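Please put together the full structure from these sequences, using the hints given.
Protein chains: 2
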Amino acid sequence: MARITLLGFGNVGQHLFYAFKKAGHQIIQVYNRTFLHVQPFVALFPKTRFVENLHSLSLDSDLYLIAVSDNAIQIISENLPTVNVGGVVAHTSGATSIKVLNTHPNYGVFYPLQTFTAGHEVDFSRIPICIDGDTESTIYRIEKIAQSLSKLVYRINDRQRSILHVAAVFANNFTNHLFAIAAEICRENKIPFDILKPLIAETIHKIQTQSPDLVQTGPAKRKDLNTIQTHLRLLEEQPEFRKIYQMLSDNIIQMHSSKSD
Amino acid sequence: MARITLLGFGNVGQHLFYAFKKAGHQIIQVYNRTFLHVQPFVALFPKTRFVENLHSLSLDSDLYLIAVSDNAIQIISENLPTVNVGGVVAHTSGATSIKVLNTHPNYGVFYPLQTFTAGHEVDFSRIPICIDGDTESTIYRIEKIAQSLSKLVYRINDRQRSILHVAAVFANNFTNHLFAIAAEICRENKIPFDILKPLIAETIHKIQTQSPDLVQTGPAKRKDLNTIQTHLRLLEEQPEFRKIYQMLSDNIIQMHSSKSD
Chain P
117 MARITLLGFG NVGQHLFYAF KKAGHQIIQV YNRTFLHVQP FVALFPKTRF
167 VENLHSLSLD SDLYLIAVSD NAIQIISENL PTVNVGGVVA HTSGATSIKV
217 LNTHPNYGVF YPLQTFTAGH EVDFSRIPIC IDGDTESTIY RIEKIAQSLS
267 KLVYRINDRQ RSILHVAAVF ANNFTNHLFA IAAEICRENK IPFDILKPLI
317 AETIHKIQTQ SPDLVQTGPA KRKDLNTIQT HLRLLEEQPE FRKIYQMLSD
367 NIIQMHSSKS D
Chain U
117 MARITLLGFG NVGQHLFYAF KKAGHQIIQV YNRTFLHVQP FVALFPKTRF
167 VENLHSLSLD SDLYLIAVSD NAIQIISENL PTVNVGGVVA HTSGATSIKV
217 LNTHPNYGVF YPLQTFTAGH EVDFSRIPIC IDGDTESTIY RIEKIAQSLS
267 KLVYRINDRQ RSILHVAAVF ANNFTNHLFA IAAEICRENK IPFDILKPLI
317 AETIHKIQTQ SPDLVQTGPA KRKDLNTIQT HLRLLEEQPE FRKIYQMLSD
367 NIIQMHSSKS D
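For the record, the sequence lines run as chains P and U. Per this note's numbering, residue 117 is the first one in the first sequence, and the count goes up by one each step. Per this note's numbering, residue 117 is the first one in the second sequence, and the count goes up by one each step.
Read the hints as simulated data drawn from the structure, not as lab findings. Here the structure is a predicted model, which is why all the values come from computation and not from measurement. Each hint should be verified, as a subset may be incorrect.
Where chains are identical, the list cannot tell them apart; a pair therefore holds if satisfied intra-copy or between any two copies.
[To be verified] Derived lysine-lysine pairs resembling DSS-like cross-links, with alpha carbons at most 30 Å apart:
id : residue 1 : residue 2
1  : LYS163    : LYS339
2  : LYS306    : LYS137
3  : LYS339    : LYS215
4  : LYS337    : LYS313
5  : LYS260    : LYS306
6  : LYS260    : LYS337
Pasting the structure below:
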């Protein structure tokens, strides 16, 4: 059981709060710059101190976890008082270098690779957690805590983590946006979006066991230029969707041509 | 129980063959232009005639279903002898107008909206089938057969079906391609692609109950231009992926800005 100070109580911070508690850890303190935001939690969790001033933190935790937006990590880190010798300062960001924390005696990364939505609980045991640390000993300590939450803990270095975040943007944010485009196209034409959900489910099902490039289908994969032209005409009134259609089709054709050459 | 003639025995044709048989229909005949391709099935299904010449078809089926690639539908239709008065000629294409079949006495569309992969069986009862026909009576006859295969049968007209196919390309082909890009980025950086699968599963899980645009996350949604710039730099050596990243980020920013204005 670790003693944890959570710095930041937004979407990710709150999900971690519950996950740590469930795993039996002690959340000693929660810092949030706006006290009003944590006010409702104060009475619910009497064993946790909620503070809005970094300088009023007690400094005897095993882990100080910075779970704030990327551009605020450095400021929090710089304003954090010198922590206890045994304490590890880590952040939860996929996009921020471990180096922004290198003013602390022990520092690392604790990056849960999942998309968190307020009010939508997720099962932490199946969330990959990517960890890193300044020394083998720090990595080991972060790893123990990560493994108490999840079975999927990966040691990922700074360079890998930043590129992994890019891959995650493609695999999650961008695919979700394509679903949004499909939903918009359906809505405008009075077609229920539900009609596409079995297709979406099957798309995902296939890549559980097969490499996505091997199960690619559709007009671009078939180099069916007639259908592509028809589709581009149908998208004439949505020039942005049309550009996206064109670019992704071109890239599919290119990727699959170079493979069969 | 309907008497069915299947015209085309590729990927979609074979999946339909098994689905019709399972639903208790009689597959009277299967046409395929290359007999060699159907040869292995002849001995397996003695009750079905396999033919490679359209003019040798017997013409007493309830449904003549054309399941060939889009650019071959018209040729099959034109070369099909005049069918029996009660017979309906239909195609299975999302991208082809019902009108290419209007030389037949009764004609329609039977479009299963799913991605079929050879050797990967799918549960037809949960595949949406979009149907259409030249008259209410034809639609009703196609609907009966469709409902014997699937619980999800939708009446969708020509215009809706063509735009639905565009939406399906976004929701399936393009998302799969984004998974392929993510996998490629992982591979190049020695990161297991499996690490992204829980994130992908959660992305899909969320849109089962919520509209995709409402659950959008990521740097573009947050208008986090620093992270976007970092990601574009990381993609410098993959100019095509970089262009796709830029365009999709721009479109997310634009779509979500116009909503909050």
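Verification of the supplied hints:
no., hint, in the structure
1, LYS163 with LYS339, "neither (62 Å within a copy, 37 Å between copies)"
2, LYS306 with LYS137, "neither (46 Å within a copy, 34 Å between copies)"
3, LYS339 with LYS215, "between (46 Å within a copy, 24 Å between copies)"
4, LYS337 with LYS313, "both (21 Å within a copy, 23 Å between copies)"
5, LYS260 with LYS306, "between (52 Å within a copy, 24 Å between copies)"
6, LYS260 with LYS337, "neither (45 Å within a copy, 33 Å between copies)"
Checked against the numbered hints given earlier, this structure breaks hints 1, 2, 6; the rest are met.
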